[in-house]
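Asker: If you read the protein sequences in the order shown, they are chains A, C and S. Numbered according to the working numbering, the first sequence spans residues 1 to 192. Numbered according to the working numbering, the second sequence spans residues 1 to 211. Numbered according to the working numbering, the third sequence spans residues 1 to 230.
There's no promise every hint is true.
Every beta carbon over 12 Å from chain A, so not counted as near; a handful from chain C, in silico [said to hold, decoys possible]: (1) R24; (2) Q25; (3) R89; (4) F90; (5) A97; (6) N195; (7) E202; (8) R209.
The calculated lysine to aspartate or glutamate pairs, modelled on EDC-like cross-linking and capped at a C-alpha distance of 16 Å, are [to be verified]: (9) C:K100 x A:D90; (10) A:K122 x C:D173; (11) S:K153 x A:D61; (12) C:K100 x A:E42; (13) S:K153 x A:D93; (14) C:K68 x C:E19; (15) S:K147 x S:E111; (16) A:K122 x A:D101; (17) A:K114 x A:D93; (18) A:K135 x A:D101; (19) S:K123 x S:D2; (20) A:K114 x A:D90; (21) C:K100 x A:D93; (22) A:K122 x A:D93; (23) A:K144 x A:E165; (24) A:K122 x A:D90; (25) A:K145 x A:E165; (26) A:K122 x A:E165; (27) A:K114 x A:E125; (28) S:K147 x A:E125; (29) S:K123 x S:E111; (30) S:K147 x A:D90.
To spell it out: a stretch of chain S is covered by chain C in this simulated footprint if at least three of its residues, at any positions, have a beta carbon under 8 Å from a beta carbon of chain C; those stretches are [unchecked claim]: (31) 28-41; (32) 139-152.
Hints in this document: simulated from the structure, not taken from any laboratory. Even for Gly, the Cβ is constructed at its ideal location relative to N, Cα and C.
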Amino acid sequence: MSGWRDLRSGWLVLALALFFGAALAGVHRLLAARIAANVLHETLSQIPALVPGADGGAPVDIRGRTVYRAEAAGRTLGWVVPSGGQGFADRIDLLIGLDADGSTLTGLYILGQKETPGLGNKIIEEPWRGQFRGKSTGQPLVVKKGDPSSGNEIRSVTGATISAESVCGIVNQTVAEMQAALAQATREEPDR
Amino acid sequence: MSAHQPTAAERFLQGIIPENPIYRQLLGLCPTLAVTNGMRAAMTMAGATAFVLICASVLTSLIRGLLKPHLRILVFTLTIAAFVTIADRFLAAYMYAMSKQLGPYIPLIIVNCIIISRCEVCSSKQGVFTAAADAGGVSLGFALALASIATVREILGAGTWFGLRVMPAVWPDWVVMVLPPGAFLTLGLLLGGANWIRAAREKRRGASRAA
Amino acid sequence: MDWIGSLVLIAVGAMLINNFVLYYFVGICPFIGVSRRVDMAFGMGLAVTFVISIAALLSWAFTYFLLRPNAPLAVAVWEAVSPGSAANVDLSILSYIIYIFVIASSVQFVEMYVRKFFPALYKSFGIFLPLITTNCAILFACLEILKRVAGAKPAEVWGLHQALTLALFGGLGFTLAIVLMAGIREELDFADVPVHLRGAGITFIVAGILALAFMGFTGVDRSLAAVLLR
Chain A
1 MSGWRDLRSG WLVLALALFF GAALAGVHRL LAARIAANVL HETLSQIPAL VPGADGGAPV
61 DIRGRTVYRA EAAGRTLGWV VPSGGQGFAD RIDLLIGLDA DGSTLTGLYI LGQKETPGLG
121 NKIIEEPWRG QFRGKSTGQP LVVKKGDPSS GNEIRSVTGA TISAESVCGI VNQTVAEMQA
181 ALAQATREEP DR
Chain C
1 MSAHQPTAAE RFLQGIIPEN PIYRQLLGLC PTLAVTNGMR AAMTMAGATA FVLICASVLT
61 SLIRGLLKPH LRILVFTLTI AAFVTIADRF LAAYMYAMSK QLGPYIPLII VNCIIISRCE
121 VCSSKQGVFT AAADAGGVSL GFALALASIA TVREILGAGT WFGLRVMPAV WPDWVVMVLP
181 PGAFLTLGLL LGGANWIRAA REKRRGASRA A
Chain S
1 MDWIGSLVLI AVGAMLINNF VLYYFVGICP FIGVSRRVDM AFGMGLAVTF VISIAALLSW
61 AFTYFLLRPN APLAVAVWEA VSPGSAANVD LSILSYIIYI FVIASSVQFV EMYVRKFFPA
121 LYKSFGIFLP LITTNCAILF ACLEILKRVA GAKPAEVWGL HQALTLALFG GLGFTLAIVL
181 MAGIREELDF ADVPVHLRGA GITFIVAGIL ALAFMGFTGV DRSLAAVLLR
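Pulled out of the complex, with its shape left as it was, chain A reads as follows (with noise of 0.2 Å):
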């Protein structure tokens, strides 16, 4: 019967099946544990910068939501928050250091943008992003063209206003949903 015949003829793709599997299966127990690792270091090794004075962290769940707990000597000192949001390109993402109790921002960092090269792209650059180190997460901040007067503004991209705009949405929008969540957190830590 042709159907037998098939089933015959087709051993050497079953075995080659196999044989890959096995592969596979090798190349994950080797590496796996490494690329979570990288995966979990690109934002830890951020956490210093992020929220000045810790010398670590470690990633707890908040509402549904991965934060990560900025620590020095085991006390909580800040939060890094990843977040994201559609740029003027493509998507944007970021993290956002918070003090304790989520009142001030201590950091920005850019994790990925395809923002336009020369333009949106000086997003990444420590002269923009430091901005955001200080400012009060009490009233939402605004994009302005030119130097900022008030306390709550942050200083444009020149030729890509889209892009400061959309971090400063995403900033603004993350810090809403989750200052009150993370400033309880701290409270309830045992030695507070």
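Fit chains C and S to the known structure of chain A by using the hints.
Answerer: Below, chains C and S alone, put in the same frame as chain A:
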């Protein structure tokens, strides 16, 4: 087919310039355009493609006696997809930032026509050594082509090469070169240039033969 | 409203802003190879749109139920084999292999089905179907779906409707690009192109100019989002 079968060394050299996968055969254009906005990304892509191409060629050459005609393509695809997965995991483990930058273009090596065409044309018919030499030559040709495009785009578009500043500070970066349109324009002009060089060489050869 | 609005945003993004061909460079081979005449280009575009939608449907199902970390089906099988140990089941290492077979088999089935039941349709685009297996646009759509299903936060995991919208409009974007290209190339036949640029060279340069034009759509989604989502 001519009676003369090219040797392994000839196949290796053929792949580099005379049968260059990009400039001569117009294969594998998707990574050629997508990852050539910088030399680092382009060379990582060339390395990953070379790994998959050489491994897949050697393996298909080893099992060439067992291949059934109607299952041939299936076996090639399975082999290529498995090696691409391995390359993808290694990049994610040891070059995490680069693997993030290249994103979907690493798994897209699976549908890079260069690899399946080498499996079909060469390695499923030749011995292991010949197949490996052929794959090595084609990989080198692919890497050279990527390097040529990436060099033009990175120097004009960002003023750097491998991330090192090469243009004077007054150079106004032609941002459009590192954006998608720059890829098309560069490849189009370089293809024209390659055709022009070949035409000029053939004309000279013709002239010297006539003389 | 939000539901439709978010789908409109995905559609506009896939078709115009991040056009598969002109922004992501996938599907270049047919874009260069089958763009000589408008009717052929249109047939190719429809064939790709058709296959890409079916592949998206299947690959979403595979990713959602089987491949993503802690996917329900994978966990169920694991529980059945060794109860109580399904702590962290993750089959995503198999996704590339599964996708390429999903694509290859859906191309086969679509070809058989169309040939049997729609002979007229088969005549118009059937010849393109075998070529589509190695079209990177299809695999790219599957990979985008993988990213949005397996790599996303639980609240942002894409449903089937979003995956299908991306695939359908990505395919239509491909159709738009290849038909535009074919229209230009039909006119190019009467133009005096420098001899060494003829063929692929001038096609790429025209594609570059098209890509420049499509860059004009960047940022449109922001205003759209402001209107649609509020």
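Asker: State for each hint whether it applies.
Answerer: A quick look at each hint next to the structure:
Separation of R24 (chain C) from chain A is adequate, the least Cβ-Cβ distance of about 31 Å exceeding the 12 Å criterion. Listed as outside the interface, Q25 (chain C) is consistent with that label: its C-beta sits roughly 28 Å from the nearest C-beta of chain A, beyond the 12 Å cut-off. For R89 (chain C), the non-interface assignment is contradicted: its Cβ lies about 5 Å from the closest Cβ of chain A, within the 12 Å cut-off. Not every CB of chain A lies more than 12 Å from the CB of F90 (chain C), the least distance being 7 Å, so the non-interface label is violated.
For A97 (chain C), the requirement that its beta carbon stay farther than 12 Å from each beta carbon of chain A is not met, with the minimum near 8 Å. Separation of N195 (chain C) from chain A is adequate, the least Cβ-Cβ distance of about 30 Å exceeding the 12 Å criterion. Under the 12 Å C-beta cut-off, the non-interface status given to E202 (chain C) relative to chain A holds; the minimum distance is some 40 Å. Chain A leaves R209 (chain C) outside its interface by the beta-carbon criterion, the shortest separation being 49 Å against a cut-off of 12 Å.
The straight-line distance between the Cα atoms of K100 (chain C) and D90 (chain A) is roughly 15 Å, inside the 16 Å bound, and the hint therefore holds. Among the hinted pairs, K122 (chain A) with D173 (chain C) is consistent with the structure: their alpha-carbon atoms are about 14 Å apart, no more than 16 Å. At roughly 12 Å between alpha-carbon atoms, K153 (chain S) and D61 (chain A) fall within 16 Å of each other, so this suggested pair holds. For a cut-off of 16 Å, the pair hint linking K100 (chain C) to E42 (chain A) stands: about 11 Å separates their Cα positions.
Restraint check for K153 (chain S) and D93 (chain A): the C-alpha separation of about 13 Å stays at or below 16 Å, so the hint holds. Taking the CA atoms of K68 (chain C) and E19 (chain C), the gap is about 28 Å. The hint is violated against a cut of 16 Å. Only pairs whose Cα atoms come within 16 Å are accepted, and K147 (chain S) paired with E111 (chain S) is rejected, the gap being roughly 28 Å. Straight-line distance between C-alpha atoms of K122 (chain A) and D101 (chain A) comes to about 30 Å, which puts the hinted pair past the 16 Å bound.
With a CA separation close to 10 Å, the supplied pair K114 (chain A) and D93 (chain A) stays within the 16 Å bound. Proximity of K135 (chain A) to D101 (chain A) is assessed by CA-CA distance (about 14 Å); at most 16 Å being required, the pair is judged to hold. Between K123 (chain S) and D2 (chain S) the alpha-carbon distance is near 41 Å, which puts this suggested pair outside the 16 Å criterion. With a C-alpha separation of about 6 Å, the suggested pairing of K114 (chain A) with D90 (chain A) holds against the 16 Å cut-off.
Using a Cα cut-off of 16 Å, the hinted pair K100 (chain C) and D93 (chain A) holds, with the two alpha carbons roughly 12 Å apart. Taken as a hint, the K122 (chain A) and D93 (chain A) pair is honoured in the structure, with Cα atoms around 15 Å apart against an allowance of 16 Å. Under the criterion of a C-alpha separation no larger than 16 Å, the hint pairing K144 (chain A) with E165 (chain A) is consistent with the structure, at around 9 Å. Using a Cα cut-off of 16 Å, the hinted pair K122 (chain A) and D90 (chain A) holds, with the two alpha carbons roughly 15 Å apart.
About 11 Å separates the Cα atoms of K145 (chain A) and E165 (chain A), which keeps this hinted pair within 16 Å; it holds. For the hint pairing K122 (chain A) with E165 (chain A), the CA-to-CA distance comes to about 13 Å; that is within 16 Å, so the pair holds. In summary, the hint linking K114 (chain A) to E125 (chain A) is supported, as the alpha carbons are separated by about 14 Å, within the 16 Å threshold. Distance check on the hinted pair: K147 (chain S) and E125 (chain A) sit about 27 Å apart at the alpha-carbon level, beyond 16 Å; violated.
A hinted pair counts as satisfied when its Cα atoms are at most 16 Å apart, and K123 (chain S) with E111 (chain S) qualifies at roughly 11 Å. The suggested pairing of K147 (chain S) with D90 (chain A) holds, with an alpha-carbon distance near 14 Å, which does not exceed 16 Å. For the stretch 28-41 of chain S, the stated coverage by chain C is satisfied: 3 residues place a CB nearer than 8 Å to a CB of that chain, which reaches the threshold of 3. Look at the stretch 139-152 of chain S against chain C: 5 of its residues bring a Cβ nearer than 8 Å to a Cβ of that chain, three or more, so the hint holds.
In this structure, the earlier hints numbered 3, 4, 5, 14, 15, 16, 19, 28 are contradicted, and the remaining ones agree with it.
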